[in-house]
Amino acid sequence: MKSLLTLIISCFCVNTVMSQTKIPSYHKIEKADLEMTDCDFDKGAVAIKLIDYANMYYDRGTAGVTLFKTMYEYRVRIKILKDKGLSYANVEVPFYSNNNDEKISNIDACTFNLDENGKIKITDVGKSSIYTKSINKRYSRLIIAFPEVKVGSVIEYRYKLEREIYTNIKDWYFQDEIPTRYSEYEVKIPRLLTFTPQPTIIDSVEVKEKETEDVVSVGGDAYTIKLLKQNYIMRNLAGIRDEPFMGAAKDYKQRIGFQLSQIDHGNNNIENFRSTWTDVIKTLNKDEDFGLQLKKEISGLDPIIKEAMMIEEKNKRINFLFNAIRSKMNCTDDEAMFTDEGVKDAWQKKNGNAADINLMLVNALNKAGIKAFPILLSTRENGLVNTTHYSINQFNVVMAYIKTDDGFLVLDATDKVSNYKLTPEHIVNTRGFIVDTDNGKWIDVINNTYKYQVMVALEGKIDDKGLMTGECAVNCSGYARKQRADRYLKDAGDFKQQYFIKPYPAVSVREITVSNAETDSLPLSQKISFSMPLNNSGEYSYFNTNLFNDIETNPFIEENRNADIDFGFQQEYLVYGNYTIPDGYVYETLPENISMSMPGKGIQYSRFMTASGNTLNLKITVDFKQPFYLASSYADFHEFYKKLMNSLSEQIVIKKK
Amino acid sequence: MMIIKKILITVQLIFVTAATIAQHDLDLMPAGPELRKDAHSIVREETLVFEIKSISKAYYKVHEVVTVLDEMGKDKLFFFESADKFRSLEDVTIQLFDASGKYIKKYSRKELISVNAGEGLVTDSKYYYLSIPTASYPVTVQYDYEIKFSGSLNYPDYDVQQPNQSVQNSSFTLIVPTELDIRYKEKNINLPPTITTESNKKIYSWVTKDMPALLYEEGSVSAESRYPRIIFSPNKFVMDGYEGDMSSWEKFGEWYGSLSKQSVDLTEERKQFFKVLVKDAANDKEKAAIIYRYLQQNFRYVSIQLGIGGFKPFQASFTDKTKYGDCKALSNYTQACLDAVGIKSYQALINARYNKEPVDPSFPHNAFNHVILCVPMQKDSVWLECTSNTNEFGILGSFTENRNALLITENGGKLVATPKSMAANNRFGTNCIVSLNDDGSGSAKVNLQTTGEYKRHLIATEKKDDQKKYIVNELGFIQPDDFLLTEKNKANAELIIDLDFEKIPSFTAGNKMFLNPRIYKIWSSNLPDAGKRTQDFYFPHPFIKDDSTIYHLPAGYSIEALPKEKKISFEYGNFNTVYSYDKVKNEVLTVTHLQLTNYHIPAAGYAKAKSFFDEVLAEYNSKIVIMKRN
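For the record, the sequence lines run as chains A and B.
In this text, residue positions in the first sequence follow my numbering: the first is 26, and each later residue adds one.
In this text, residue positions in the second sequence follow my numbering: the first is 2, and each later residue adds one.
Please note that the accuracy of each hint is not assured.
Unchecked claim - Computed far set for chain A versus chain B, every beta-carbon distance over 12 angstroms: (1) M61; (2) N142; (3) S154; (4) F220; (5) T221; (6) R266; (7) A273; (8) I288; (9) E332; (10) T462; (11) Y565; (12) G593; (13) V678.
Stated by the list, open to error - One-sided and incomplete, this derived list gives chain B residues near chain A with beta-carbon spacing under 7 angstroms: (14) E72; (15) L113; (16) V116; (17) P134.
In case anyone wonders, no lab produced these hints; they're calculated from the structure.
Note that CB positions come from ideal geometry on N, CA and C, so glycine has one too.
Start from the sequences, fold in the hints, and give me the full structure.
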């Protein structure tokens with residue numbers, strides 16, 4: 026007997042009855058929306074989405090391709106508020122065109138304007154202004170160039186997207202980079218399928234749920250199909266701006282996703298999709314491009330593994346293997362979870378993606394007697410992961426995980442400059458999922474041992490002509506070492522320009538020597554010989570002590586902030602200065618010694634100066650005790666930064682006795 | 002009316018030559034220290050053959066062996082070719098060899114990544130690329146591929162050398178039917194070809210050997226004019242069935258003009274509209290200005306490059322409906338509008354970007370990437386940039402100034418010079434009145450007036466935090482705690498900024514405050530080192546900056562020291578700052594003038610420019626010292 030599901034497949038057709046939404050229909054607009062000049066809940070926005078709407082429903086699939094297909098009717102109405110917002114009238118909609126997996130049809134678009142007499146004028150977008158262009162083998166782009174657009178215009182477009190897939194429903198983002206006045210997602214799902222909604226929503230959302238029915242006929246018999254209709258509505262959402270150190274912008278956009286949990290095949294034949302991480306692991310461990318790679322014999326690696334086995338100490342053995350692989354392997358894509366070449370070919374060709382390289386490392390570590398597992402991670406730019414969302418799509422990279430006596434190590438062999446103990450820069454302080462042999466395990470990949478550390482020791486002698494000649498030693502450890510060594514090894518000349526020459530036009534640099542760039546266990550040492558003329562006004566000469574320490578500009582100028590500040594790691598700056606002035610000169614009143622901290626002591630700053638005779642000693646410490654600061658503390662953060670910059674820019678004044 | 006496209010029938014040819022190259026190790030001649038000096042890569046062996054079979058068919062065959070010495074030469078491990086209707090990539094073999102010349106790996110055409118060209122909103126060309134990985138250097142890469150041209154205006158150049166690249170052996174052979182022939186031009190190199198004739202073919206051959214590496218110099222002329230190369234231009238050509246003649250500017254202009262001949266087609270109603278729009282204007286110049294401003298307010302630039310290599314503009318009637326277009330469509334439309342009110346104008350092809358060289362009048366070739374409009378007037382011509390919503394009427398900006406433009410006239414093409422950039426067109430003027438309190442806090446009222454290149458920023462309508470970032474990061478103001486920006490006059494971009502500061506002095510020492518000469522940096526860019534510069538330096542544009550700043554001192558404070566008056570100049574610029582103290586009002590006045598008269602600095606004069614601007618930068622470090630008297 027046929028199951029209900031297969032029966033339905035052959036005849037499924039949903040009536041698309043107009044839903045009862047309060048939004049104006051296509052081609053209908055309130056004059057007020059054309060007269061509007063600013064967004065009242067996000068002042069100064071360049072454009073605003075007046076309507077962002079999609080209606081998702083199921084339809085009969087294409088014979089021989091899929092059982093069902095899912096249909097999405099999108100409708101977007103945007104008001105252009107500023108010149109800079111005009112680009113929103115060049116609409117680009119990317120879609121997955123490979124195999125016709127996604128198809129776009131029924132495109133309508135129009136521009137609304139007020140004419141000179143204040144009458145609403147609608148210009149329909151002609152076919153000649155709508156293009157479909159392929160981007161590459163997999164993706165294409167629908168392009169609509171709206172006519173008659175100027176500041177004040179409203180544009181609107183709608184289209185239908187067909188997807189040859191029914192076990193997946195597209196995520197819906199209520200929020201975008203420009204503000205949204207009304208956002209609605211309507212999903213109509215046959216009762217045969219159960220999806221669990223996964224909202225990421227902070228503001229209030231209006232949810233409507235209703236059982237409806239549809240009647241379909243199959244060979245003369247009528248069947249009633251039960252549907253669950255859900256509407257999710259949000260209003261007046263501010264735009265998400267790009268902010269410095271924000272991590273992934275998508276984490277700040279309110280959204281909803283859907284996870285398939287059950288298919289009812291009829292006759293009590295219920296297929297559960299309530300997968301758990303255990304299921305995910307089972308699948309991964311059987312995957313040719315993942316788990317099976319850990320069992321491969323990589324012939325060329327044998328001598329290396331043998332050599333590693335002779336190293337008694339565990340950490341040394343780990344470090345040896347890590348270096349042996351990363352020094353040989355070239356990375357083609359540093360964000361990958363599945364192998365491209367496979368570990369064997371990758372080793373032979375000496376190149377592969379992050380999965381090829383890191384799964385190779387896990388493979389080799391285990392062969393050499395070190396218990397290691399793959400760990401799935403999402404880089405800071407890729408955004409947060411949700412432990413109850415049983416999907417690996419939220420991750421973007423795989424690395425190697427080793428439990429050690431005093432904690433753990435996460436190794437990324439695509440990184441050629443970091444020490445093995447340094448938790449990789451882009452994933453430190455995120456959450457990872459260890460793919461072990463049974464249930465898997467979540468872990469907070471925290472590293473409090475290593476910080477971003479810059480230590481500056483500067484010695485300057487001022488002669489009686491007002492010229493300071495100096496030597497400065499800058500030592501960078503932890504993440505500072507990583508960032509700088511990376512840049513130095515890529516382009517030594519550019520490195521020197523960017524860190525030591527361009528930012529200090531008043532300084533003439535004689536020589537810069539950089540060492541230890543290739544010795545990952547030592548701080549990156551940078552020695553600078555320089556001279557700098559003192560400035561003077563009247564009888565006063567003065568000099569700047571804020572040199573070569575990498576905290577000269579303030580990235581936090583904005584008053585407002587939505588996103589948390591995510592540096593990724595703690596930061597520590599330590600500056601020692603030792604200055605000598607010529608005989609016959611004295612220090613004017615020195616800047617006051619200062620010690621300040623942000624409420625909660627999240628950042629601490631102190632500066633001490635003592636002058637004795639001709640010598641001045643200076644010590645500055647700036648200590649960011651947290652890798653992460655909440656947006657709610659931004660007012661303090663902003664104020665602290667401003668005061669910090671003011672204090673660091675204070676100069677030392679001297680004059681003749 | 003559309004010109005009906007002739008159907009071009011092309012025969013698909015299959016080439017197997019490059020694909021059959023055997024895998025074997027390389028036996029390279031050692032490269033001496035003179036070739037390694039300053040080099041990130043060495044062209045070991047290069048054989049380039051460009052064979053023109055007929056007016057519509059040509060093949061370019063590349064064989065290139067390059068040793069990449071270090072990470073900085075890695076761009077030579079990046080294969081990149083574009084393709085479109087007129088240019089197709091036939092077959093590709095890329096082989097990689099290690100330092101000793103031992104074969105490592107091979108890539109073929111199917112491994113290339115292909116994407117549609119993405120610069121404009123809509124284009125119909127394609128890119129092929131591949132990044133060849135290597136774990137260590139040096140490494141040697143060998144490219145063998147062929148490009149087929151199905152009629153083209155643009156032939157490949159012979160790029161002899163790139164920066165930080167030396168050349169061991171290289172040759173370029175050009176084979177052309179005698180009756181077609183080509184023209185060539187040497188750029189930055191003196192390298193005459195040997196020319197032979199074989200039945201009805203002419204063979205040009207250029208050979209280079211042992212050329213040491215050249216250094217990259219920041220801020221130079223655009224890349225295609227910077228390094229040794231030979232450029233080619235056809236005499237006769239065909240594109241998409243449209244035959245043309247490139248042997249003179251006149252003929253080339255004639256061809257281009259024929260493409261857009263029928264594009265000026267406004268309806269009578271719209272013509273009438275424009276006539277009414279300009280009815281009160283006193284003369285043609287005013288009429289043109291009214292139309293230009295109308296278009297700036299109602300039309301927008303959208304990059305759409307389609308058909309015939311992006312040469313044929315949209316019909317004016319189409320642009321009239323859409324109210325958008327690319328440079329061709331908008332220039333064509335503006336021309337139609339001017340025509341409607343009886344003003345003659347010409348479209349003009351140009352090579353746009355501030356550091357482009359003017360095209361060489363003696364060598365007609367297609368070096369153009371942009372279209373502007375020229376309106377001949379009784380005295381001077383008026384030039385219009387039709388893609389800008391902010392340019393002032395009749396001012397082009399350094400994007401297209403200082404160039405030779407090809408006017409498309411009824412009598413064919415005519416090469417004419419566009420205006421020279423003038424400092425006076427790019428003004429940045431400020432008047433700042435600062436009230437200082439005795440705790441260092443205070444407020445300021447800034448009147449800001451900008452023209453030309455400084456006017457671009459539509460800052461008045463931005464979000465407050467964006468305005469703040471602009472004020473602090475772009476204009477270099479001390480960070481305000483609060484501010485209000487108001488637009489006083491939209492037409493001349495006059496803004497008033499009221500600012501509050503917690504701390505105005507640069508620093509304090511005891512009872513003294515050290516004030517900056519101004520509350521913002523009038524100049525903040527640190528020019529590249531002078532070193533031994535061989536190439537001219539290009540500023541984005543010439544300019545004039547003027548500032549007057551008044552500090553109202555807090556009660557009880559008086560002046561302790563004023564910086565010395567500063568007056569410096571060099572051949573193309575001058576800077577001066579004078580300070581004065583008004584005892585009665587207890588005010589310090591700073592008046593500053595900074596001017597760059599010429600944006601193009603000859604290499605020989607660069608060291609002076611560098612030290613001039615270094616001094617301007619340093620001047621911000623001089624301080625006004627005020628002291629509290631008890």
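Structure-based check of each hint:
Non-interface call for M61/A relative to chain B: holds, since the shortest CB-CB distance, roughly 14 angstroms, exceeds 12 angstroms. Residue placement check: N142/A keeps its beta carbon more than 12 angstroms from all beta carbons of chain B (closest about 15 angstroms). At roughly 6 angstroms from the closest C-beta of chain B, the C-beta of S154/A falls inside 12 angstroms, breaking its exclusion from the interface. With a cut of 12 angstroms on Cβ distances, F220/A stays outside the contact zone with chain B, its closest approach being about 35 angstroms.
No beta-carbon of chain B comes within 12 angstroms of the beta-carbon of T221/A; the shortest separation is about 37 angstroms. With a least beta-carbon separation of about 8 angstroms from chain B, R266/A fails to lie farther than 12 angstroms from that chain, contradicting its non-interface assignment. Residue-level check passed: A273/A sits 20 angstroms from the nearest beta carbon of chain B, beyond 12 angstroms. Distance check for I288/A against chain B: the nearest CB is about 38 angstroms away, which clears 12 angstroms, and the non-interface claim stands.
With a least CB separation of 19 angstroms from chain B, E332/A remains clear of the 12 angstroms interface cut-off, as annotated. Distance check for T462/A against chain B: the nearest CB is about 32 angstroms away, which clears 12 angstroms, and the non-interface claim stands. Listed as a non-interface residue, Y565/A fails to keep its Cβ farther than 12 angstroms from every Cβ of chain B; the least gap is roughly 6 angstroms. No Cβ of chain B approaches the Cβ of G593/A within 12 angstroms, the least distance being about 23 angstroms, so the stated non-interface status holds.
Non-interface status of V678/A relative to chain B is broken: a Cβ of that chain comes within 12 angstroms, the nearest being about 4 angstroms off. This hint holds: E72/B has a C-beta 6 angstroms from the nearest C-beta of chain A, less than the 7 angstroms allowed. Look at L113/B: its Cβ only gets to about 11 angstroms from chain A, farther than 7 angstroms, so that hint breaks. Proximity of V116/B to chain A holds as hinted, the smallest CB-CB distance being about 5 angstroms (cut-off 7 angstroms).
Taken as an interface hint, P134/B checks out: its beta carbon lies about 4 angstroms from the nearest beta carbon of chain A, inside 7 angstroms.
When the structure is compared with the earlier hints, violations turn up for hints 3, 6, 11, 13 and 15 and for no others.
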